[in-house]
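Sequences listed follow chains A and B, in order.
Note that the numbering used here has the first sequence beginning at 1, numbered continuously upward.
Note that the numbering used here has the second sequence beginning at 1, numbered continuously upward.
Heads up, a few of these hints could be off.
[Claimed, not checked] Covered by chain B, per the in silico footprint, the following chain A stretches (three or more residues, Cβ under 8 Å):
| # | stretch |
| --- | --- |
| 1 | 197–204 |
| 2 | 300–310 |
[To be verified] Non-contacting residues of chain B with respect to chain A, defined by C-beta distances greater than 12 Å in every case (computed):
| # | residue |
| --- | --- |
| 3 | S14 |
| 4 | I20 |
| 5 | E78 |
| 6 | R81 |
| 7 | G92 |
| 8 | G114 |
| 9 | L163 |
| 10 | D185 |
Since the hints were made in silico from the structure, they are not lab data.
Backbone N, C-alpha and C define an ideal beta-carbon position, used for all residues, glycine too.
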Amino acid sequence: MAEFAQYIINGLSQGGTYALIALGYTMVFGILQLINFAHGEVFMLGAFTGLYTSKYAGLAILGTFNRLLTGSAETASTGAAILTAIVIILVAMCVCAAVGFCVERLAYRPLRASPRINLLITAVGVSLFFQNAGQLLFGSDPKAFPDLFENLEPWTFGADENLIVINPLQVFVFITAITLMLILRHVIFHTRLGRAMRAVSFNHDLASLMGIPTNQIIAATFMMGSSLAGAAGVMVGMTYPKVEPLMGSLPGLKAFCAAVLGGIGNVTGAVLGSFILGLAEALLSGYGTPTYKDALAFTILILILLVKPSGLLGVNRTEKV
Amino acid sequence: MSKNEPILQFNDVSVYYGIIQAIHNMSFSVEKGQIVTLVGANGAGKSTTLRAISGLIKPKSGSIVFKGENITGLPAHEIVRKRLCQAPEGRGIFLNLTVEENMDLGAWAAPDKGAYQANMDKGYQLFPRLRERRNQLSGTLSGGEQQMLAIARALMGQPELLLLDEPSLGLAPQIIEKIFEIITDINKTGMTIVLVEQNALQALQVAHYGIVLETGKIKTHGPAGDLLRSDEIRKAYLGD
Ligand SMILES: Nc1ncnc2c1ncn2[C@@H]1O[C@H](COP(=O)(O)OP(=O)(O)OP(=O)(O)O)[C@@H](O)[C@H]1O
Ligand SMILES: [Mg+2]
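Using the sequences and the accompanying hints, generate a full structural model.
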């Protein structure tokens, strides 16, 4: 039982990061019918932004928060660690939003009217560009992510057979992921911007007939999706805690599988698919063998494409005559 | 602007889809306060004409002038701001949004935000069915209700010129009757309307002026009453 609970906790935390990445895939697909293969690399850039922000400003930020919360920069406090992590995540989100904006503006917008396949090839190209630029810029060796939470003991429940270990970082990742998803949900369903995003994703021409500046809305969509991937990058970097230029490709592909599982284009579906994948991976690693963990996402992808290509929550749009 | 000055001028316009020419050096103008109907067979270029006016497709040559201003080549979302709204072909509503969200988007570019609620009420007054269903996904509306929504939503943009693309398509005769009545009523409030219809007889009955298109060219045009009486037109387009 304790074992099971442990796997569930691991799965939820992992699912949360998949969801943050998958949301960007699904939003961009919803609005442009484009699978943005460079999305995993945005995630990687987020991790590096987090790494360098922690390295060069992390201690200063942490000290400031410690002083504010405890009166002394030297006294470690959980609150200060959390606030520092949040600041670092926000920095990475801003940088990634800018990256997403540039990718859309420079790579995809000029090809908007071209055949789909050109866009897809461009997406692969952008992905390779970032992987190689990353190796050039950061070096290809993995870099250790500074540990903000080093002073925090894991929480333990029960003992011996029934021991459950909860890493505070896992809880932080899960709560942050859920919070970001709730904010996104609010934006999409309860703001003017979100309404415009849904309108543009239904039909560009129709949206522009309402006076909606579709290009701006598409740019905003890229920025939002990219910033979520950036947040995921930082949190994965903190968890592992290693960062390297090729780290984006596997989580990127897995999150893409999760988005397809939930129904690509569907925001709720992306979250659902991601948690299913995260939990399934955790359970497989725990009860079965961790060796096949990475193959699971692709197995699920193939199965869902065979059984229900529109995904769990995807609907085939039907127009009334 | 005098009463008879055209609100819209379509000057020698040619429109292409790739290498296919859909509109051939077409010219016409629309007088303020009138209902002008564009009729013609499938593929005659009626929708293309409206798409060009709204800025969804850029003419290869010629100019489009609205309220004295050259709007050729302006992006669609800026043209709407000039109070030129379109209810596009095939009802063109956001099926993934609720009725009220659709109405709200119709007001995106409306110049007078203060009139928002009044316009919403007016739309619901014209089509009470929409009020009942305002929180429903518009994809669940019937065909007729969707058409009502498309018209009500276009009115949310406070248009001076309203483009309607086949509002009667696929509707039952009683509903068509009602839609045409409403078009006439809206026009009586002073709004200029360009009405695209395959249902030429009914369109010409409500319109002041008619333009008959054939394969991207104007075949004939004139006061609607004259066209209705012309033998040639009756034979070719009115099914006599
Ligand atoms: N997106 C497009 N790409 C290529 N050709 C097009 C496109 N849209 C329309 N056409 C062509 O342009 C011509 C005019 O089409 P248009 O839609 O304007 O006709 P219409 O008069 O509105 O017809 P209908 O009554 O069937 O709606 C047709 O020959 C059509 O095949
Ligand atoms: Mg048409």
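Hint check:
1. 197–204: holds (count 5)
2. 300–310: violated (count 0)
3. S14: holds (20 Å)
4. I20: holds (16 Å)
5. E78: violated (8 Å)
6. R81: Violated, because the least Cβ-Cβ distance between R81 (chain B) and chain A comes to about 6 Å, which does not exceed 12 Å.
7. G92: It is violated; G92 (chain B) is separated from chain A by about 5 Å at its closest Cβ, not greater than 12 Å.
8. G114: holds (17 Å)
9. L163: violated (9 Å)
10. D185: holds (23 Å)
Violation of the numbered hints given earlier is confined to hints 2, 5, 6, 7 and 9; the remaining hints are satisfied by the structure.
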